[in-house]
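K.L.:
As a plain string of letters, each chain reads:
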Amino acid sequence: MQVRAEVFAAVRRFFEQRGVLEVATPVLDRHSVTDPYVDAIEVPGAGYLQTSPEYAMKRLLVSGAPDIYQMGPVFRAGEFGRLHNPEFVMLEWYRLGWDDQQLMAEVAELVASILGPCEHRYVRYDALVKDAAEPDLAYAEACEALSGRWFVTHFPSEQAALAKMHPDGATAARFELIVDGVELANGYHELGDAAELRRRFNTDNAERAMLGKPIIALDERFISAMERGLPPCAGVALGVDRLAMLKAGASSLDAVIPFR
Amino acid sequence: MASYSTNEFKSGLKVLLEGEPCSILENEFVKPGKGQAFNRVKFRNLKTGRVWERTFKSGESLEGADVMELDMEFLYEDGEFFHFMKTDGSFEQIQATNAVVGDAKDWMKEQEVFQVTLWNEDPIAVEPPNFVELEVTETDPGLKGDTAQGATKPATVSTGAVVRVPLFVNQGDVLKIDTRTGEYVSRV
Numbered sequence: 001m002q003v004r005a006e007v008f009a010a011v012r013r014f015f016e017q018r019g020v021l022e023v024a025t026p027v028l029d030r031h032s033v034t035d036p037y038v039d040a041i042e043v044p045g046a047g048y049l050q051t052s053p054e055y056a057m058k059r060l061l062v063s064g065a066p067d068i069y070q071m072g073p074v075f076r077a078g079e080f081g082r083l084h085n086p087e088f089v090m091l092e093w094y095r096l097g098w099d100d101q102q103l104m105a106e107v108a109e110l111v112a113s114i115l116g117p118c119e120h121r122y123v124r125y126d127a128l129v130k131d132a133a134e135p136d137l138a139y140a141e142a143c144e145a146l147s148g149r150w151f152v153t154h155f156p157s158e159q160a161a162l163a164k165m166h167p168d169g170a171t172a173a174r175f176e177l178i179v180d181g182v183e184l185a186n187g188y189h190e191l192g193d194a195a196e197l198r199r200r201f202n203t204d205n206a207e208r209a210m211l212g213k214p215i216i217a218l219d220e221r222f223i224s225a226m227e228r229g230l231p232p233c234a235g236v237a238l239g240v241d242r243l244a245m246l247k248a249g250a251s252s253l254d255a256v257i258p259f260r
Numbered sequence: 261m262a263s264y265s266t267n268e269f270k271s272g273l274k275v276l277l278e279g280e281p282c283s284i285l286e287n288e289f290v291k292p293g294k295g296q297a298f299n300r301v302k303f304r305n306l307k308t309g310r311v312w313e314r315t316f317k318s319g320e321s322l323e324g325a326d327v328m329e330l331d332m333e334f335l336y337e338d339g340e341f342f343h344f345m346k347t348d349g350s351f352e353q354i355q356a357t358n359a360v361v362g363d364a365k366d367w368m369k370e371q372e373v374f375q376v377t378l379w380n381e382d383p384i385a386v387e388p389p390n391f392v393e394l395e396v397t398e399t400d401p402g403l404k405g406d407t408a409q410g411a412t413k414p415a416t417v418s419t420g421a422v423v424r425v426p427l428f429v430n431q432g433d434v435l436k437i438d439t440r441t442g443e444y445v446s447r448v
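Just so you know, the protein sequences line up as chains A and B, in that order. First residue of the first sequence: 1, per this note's numbering; consecutive thereafter. First residue of the second sequence: 261, per this note's numbering; consecutive thereafter.
Since the hints were made in silico from the structure, they are not lab data. Mixed in with the good hints there might be a few duds.
[What the hints assert, rightly or not] Using 25 Å as the maximum straight-line C-alpha spacing, the simulated DSS-like pairs for lysine-lysine come out as follows: (1) A/K164 / A/K130; (2) A/K130 / B/K369; (3) A/K213 / B/K369; (4) B/K270 / A/K130; (5) B/K317 / A/K164.
[Unchecked claim] Computed spacing ranges between beta-carbons, pair by pair: (6) B/S350 / A/P214: 32 to 40 Å; (7) A/R30 / B/G319: 49 to 57 Å; (8) B/T441 / A/G116: 38 to 46 Å; (9) B/E313 / A/S251: 38 to 46 Å; (10) B/E352 / A/P214: 48 to 56 Å; (11) A/I215 / B/T441: 25 to 33 Å; (12) A/D254 / B/S350: 38 to 46 Å.
Beta carbons: idealized from backbone N, C-alpha and C, even for Gly.
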């Protein structure tokens, strides 16, 4: 609890010093995400508990918001384990005019300000996951084996999520930060192309159908905001409970989340 | 039997894995932020005691195993079977083979209560109590006053097992033995 409070305070200090504005977007909203492997908790008659503040924050950017950050609870159905809790605290921030390289440098600085300085190394996704039969499992296991601080970059196009593609056309400007085997953050050079986003959401829903999961209605407010134009930016989400866990030197979220 | 999905897996749950009755020891949820969820599960095979590790996609399921762990009193061995009786007042008896009793046979003292694991009502494993008291039937004569640190000698106890004991132990002494390590604890 003490460590968690220190981390909250350190994060707010970090962004205050850099002139990044704190925002709070709705935790409960009518829409959810199409990601086939992220399941929202549905609230009958009201919508969904948000799995991330991403869409709402991007709509703020379209409306002219400056650099913004948000630190608050997000919810994911069915995720419970040593490193997972159905409710957790996510820190998400956006930097206007930045790309993924610049944002990675700032993520490294934030982490260093909390866990202490340490070298960050870089590894491409395909170097971690070679032609594995279960790439998601192979990726998870390869990350668990990384000690120290690592940025994984160059995710394949089918794992681009909401990131821009690199000029090579085959890999996405998406990165993840792994600290001592724990996946801590996921960031993008943000894609603002509404038609491409719609295509990716429909692909997600096709995969959901194959998995026998419910189809999620597209969030048209988000897509129309993208049509109006997302300013060029990079954004990242970071698991604050996991960061506090690492700071506490613990190996399970039990150490930092009360009432678990 | 019911079947159990990965999200119902918890330690102690008895399931069938590759046809063998197993008890779940650990269930770890593994999931990349953007990607499929898996459960990495450790099982103890209840017949062999071996630990198995398997990875499942979250949502997969396993059939439950009809396994019961009962306290039973050891009655006698007839050369072929070890006979046990339920301690619930039903006087119901079962017989277990040498293979099922396994390493516990070193500690098979009559009237002692053992934990017997039944799968579909057949015994598959016998677990001795952590400590048993057994009489020494054979050992070299004790050396009175010999308290040399760490010096030991072999002693055969009433079940036929051989235990390392301090030099002062005599034939006829009753010993407390830790069945988990097979080591002498004290004279009783």
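K.L.:
Each hint needs a verdict: does it hold in this structure or not?
P.N.:
Hint check results:
no. : hint                        : verdict
1   : A/K164 / A/K130             : holds (23 Å)
2   : A/K130 / B/K369             : violated (57 Å)
3   : A/K213 / B/K369             : violated (57 Å)
4   : B/K270 / A/K130             : violated (32 Å)
5   : B/K317 / A/K164             : violated (29 Å)
6   : B/S350 / A/P214: 32 to 40 Å : violated (51 Å)
7   : A/R30 / B/G319: 49 to 57 Å  : violated (27 Å)
8   : B/T441 / A/G116: 38 to 46 Å : holds (43 Å)
9   : B/E313 / A/S251: 38 to 46 Å : violated (18 Å)
10  : B/E352 / A/P214: 48 to 56 Å : holds (51 Å)
11  : A/I215 / B/T441: 25 to 33 Å : violated (59 Å)
12  : A/D254 / B/S350: 38 to 46 Å : holds (42 Å)
Comparing the model with each numbered hint stated earlier shows that hints 2, 3, 4, 5, 6, 7, 9, 11 do not hold.
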